[in-house]
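Enquirer: Here's the letter readout for the chains.
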Amino acid sequence: DSGVTQTPKHLITATGQRVTLRCSPRSGDLSVYWYQQSLDQGLQFLIQYYNGEERAKGNILERFSAQQFPDLHSELNLSSLELGDSALYFCASSEGTYRPDYGYTFGSGTRLTVV
Amino acid sequence: DAKTTQPNSMESNEEEPVHLPCNHSTISGTDYIHWYRQLPSQGPEYVIHGLTSNVNNRMASLAIAEDRKSSTLILHRATLRDAAVYYCILLNTDKLIFGTGTRLQVFP
Chain C
1 DSGVTQTPKH LITATGQRVT LRCSPRSGDL SVYWYQQSLD QGLQFLIQYY NGEERAKGNI
61 LERFSAQQFP DLHSELNLSS LELGDSALYF CASSEGTYRP DYGYTFGSGT RLTVV
Chain Z
116 DAKTTQPNSM ESNEEEPVHL PCNHSTISGT DYIHWYRQLP SQGPEYVIHG LTSNVNNRMA
176 SLAIAEDRKS STLILHRATL RDAAVYYCIL LNTDKLIFGT GTRLQVFP
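Residue numbers (our numbering), protein chains in the order written: chain C, 1 to 115; chain Z, 116 to 223.
Excised from the complex, chain C in its bound form (with noise of 0.2 Å):
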């Protein structure tokens, strides 16, 4: 247990259908983000928030968006869903925002299907 935890696990749903991923940091982590990995395109960047705030955006569709909430907990939310959506979702945290002296914690991920 690498105290990152992601629910659910896995999911699998209807194109055009509309999901929340789940991720509770790290205990005392501020930073959270989400990384999307398919088949073909290795580990890709989404997201940065930190202390409620977002931080950072990477390769994120205009239909998925995130927030973190007070308890520090984040949600991605994947709206009109495609095929190609089919991915595993990883959540990481951090202590805080540019720590390069500190590794950072990946949750197990959530393994979405889109059919």
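Calculated directly from the structure, the hints in this document are not laboratory data. Take these hints with a grain of salt, some might be off.
[Said to hold, decoys possible] Residues on chain Z that point at chain C, a partial pick, calculated with CB under 7 Å:
1) 130
2) 147
3) 158
4) 210
5) 213
Even for Gly, the Cβ is constructed at its ideal location relative to N, Cα and C.
Start from chain C and add chain Z according to the hints.
Expert: Here is chain Z on its own, set in the frame of chain C:
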């Protein structure tokens, strides 16, 4: 983001040492060198990091070239559990940007 170059794949036998190379010729003075690995069907896992000096921890050793343009992750005795994709990442912002990594196969 500064780029790293790693071999696509490497092979090792169990209980032998493994040296995983990484080239980062455009590294800047403030870039930290991080290594992560991803076992099948799991999230990435932090392995080790360094700035200028060689580093050791319970999982591995990191050897950094004097000019910092390359580094080597050393697994002292490979086990079957070490079969994974290993990512070498230069960290100069607060987000990890993954490349394609090296897929390590370990044979019994």
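Enquirer: Going back to the hint list, which numbers does this structure go against?
Expert: Structure breaks hint 1 only.
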